[in-house]
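J.: For reference, the chains in residue letters:
Protein chains: 2
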Amino acid sequence: MCDRKYAIIGTGALGGFYGAKLQKAGLDVHFLLKSDYEHVSQYGLIIESKDGDFTLPQVNAYDDVTKMPQCDVVIVALKTTQNYLLSQLLPPVMKNNGVVLVLQNGLGIEEEVAQIVGNLNVIGGLCFLCSNKVGKGHIRHLDYGQIALGEYALNYKATGITSRIQQIAYDFQNAGISIELTEDLLLARWQKLVWNIPYNGLSVILNARTDELMADSYTRQLVEQLMYEVAAGAKITGRIIADSFIQTMLDYTIKMKPYRTSMKIDYDEHRPLEVEAIFGNPLRKAQAANVFLLQISCLYNQLKFLDTRNQR
Amino acid sequence: MCDRKYAIIGTGALGGFYGAKLQKAGLDVHFLLKSDYEHVSQYGLIIESKDGDFTLPQVNAYDDVTKMPQCDVVIVALKTTQNYLLSQLLPPVMKNNGVVLVLQNGLGIEEEVAQIVGNLNVIGGLCFLCSNKVGKGHIRHLDYGQIALGEYALNYKATGITSRIQQIAYDFQNAGISIELTEDLLLARWQKLVWNIPYNGLSVILNARTDELMADSYTRQLVEQLMYEVAAGAKITGRIIADSFIQTMLDYTIKMKPYRTSMKIDYDEHRPLEVEAIFGNPLRKAQAANVFLLQISCLYNQLKFLDTRNQR
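Sequences listed follow chains R and Y, in order.
With numbering that gives the first Met the number 0, the residue at position 183 of the first sequence is 182, and numbering never jumps.
With numbering that gives the first Met the number 0, the residue at position 98 of the second sequence is 97, and numbering never jumps.
It cannot be assumed that every hint is accurate.
Pair by pair, the computed Cβ-Cβ distance ranges are [stated by the list, open to error]:
1. R:N206 <-> Y:A214: 52 to 58 Å
2. Y:H269 <-> R:Y227: 30 to 36 Å
3. R:F244 <-> Y:V290: 25 to 31 Å
4. R:D210 <-> Y:K33: 34 to 40 Å
5. R:Q246 <-> Y:N118: 31 to 37 Å
6. R:Y258 <-> Y:Q41: 52 to 58 Å
7. Y:E223 <-> R:Q166: 49 to 55 Å
8. Y:G51 <-> R:Y258: 54 to 60 Å
9. R:N206 <-> Y:K49: 51 to 57 Å
10. Y:V290 <-> R:I239: 22 to 28 Å
11. R:F127 <-> Y:I264: 40 to 46 Å
Hint data in this document are derived by calculation from the structure and do not stem from the laboratory.
None of the values given here were measured: they were computed from a predicted structure.
From the three backbone atoms N, C-alpha and C, an ideal C-beta is built for every residue, glycine too.
This is chain R alone, in the form it adopts within the complex (with noise of 0.2 Å):
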């Protein structure tokens, strides 16, 4: 159970933070890089982080796959602007019964990565990690970290939990990370979506940050129009989210410190915006029975325009 072997694929902020976490705690784990790679060789992994500083000098670094040992875990923690790459990028890297670690963003990314590598083969898992690359081979973890991690089945049929993924978990919490199990991985990425849905858009939309959204009574009222609105999509699927969740969420939302979302960090960095999973995916998802989220489509129709244009 010791020698589970982890490829990292997109060592960034979130890759590179949990791979090098793993690692630290004994784990064997290989990094795919892109930009960074010929760095990372040299120098390995620089982490900041609340919980203790951390450097790996050495680690396994690949600017390929097929140079890669197939893994026991393969989690994909790219961007899900970049998933079309998946189709090459997993085959190679996963070991037979291995699984892939799904850490993205937004809704149904595990049937498209089921498509790749099959319906028994597929987990997810939702990341609260605040944490930025500063340079190459360096990353600043600032906030949170915990994961759910949920076992996928066909058409998100609820599984309960697996051995494996109380597998996994017990290698995250060995290196320090904490996970919670769900029974229900649909749910949870609705749930997630409640908050992703409207703060991540409206801070793009209208350049601004949370406090801000939450102090003007029309852009609150909005956000909890467009968080009823995601349970509306939830119920369509057949997950209930309670009003008294939506609450929670608002009231969180309130007393955080003053956040500037990932997608409206992505957007002041001329990144591409996961617009298509985060948005896209859900509206699609009710269209398909009928239901049509409007004002969920209106930011969608919105940051569709505006990502186009910062990518210029």
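Fit chain Y to the given chain R structure using the hints.
T.: Only chain Y this time, still in chain R's reference frame:
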């Protein structure tokens, strides 16, 4: 008939332009001003116009309605954001049997004015005018200029063409202002909103010109959906906007020169936005019938946020 006296309540880009045209044609016009009062009293008005420049070295300028003569036609040419002043401005300047002609954007303004001067004394006009105030008493007329005139009656009952609006139309046409008479003022107002709601709203929210909104397939679609929501609002008040009208508006906008909307100009110059007249009133009309125009509502809340921040 030739001795109709006109008052211009608000001598800006719109009131200054139409008032000057009327005076130039020989009519007796009285201008209410605020910040430009001293200057215009002394130097009059300068109109640069695509139809021919002219100056009026002397005009009847006032900074106080109680000093104005009572007029047959009182033209409201303020921005709707100033309409809280009307209950004080209108009564002193209105002759018995006079009428108020509301030349403002949005919906429901005639109802507000009728509360002040009575249901029988209100006429509405929709201006298709592109002009700016470029200095004190100095107006630049860039394009268009026609007005659609219609009678107001209680609850916007369509009353056909009356002789008094024909008389006013006669004065305007003599002054070189193109007039269309409409039998149904409320329909005309909804029709204008078909254009104003999507383009004014999105131009501010997305910092975009009309051509940019139409070139992107996502905002192009959002524009169209918003137009259909306006048509749904119109239907609640018993007015039918045909699909072909919407298609005409879309085609017309694609062929237009790149255009910065009037709301965007107000926003860029940190003036208050006419959000309530253009967005709030239609939403409330629909909501009173338990219909929620969700995408318009999304824009409304976004604009309220932006307007507040922009005024700080």
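J.: Tell me the numbers of any earlier hints that the structure contravenes, in ascending order.
T.: 1, 5, 9
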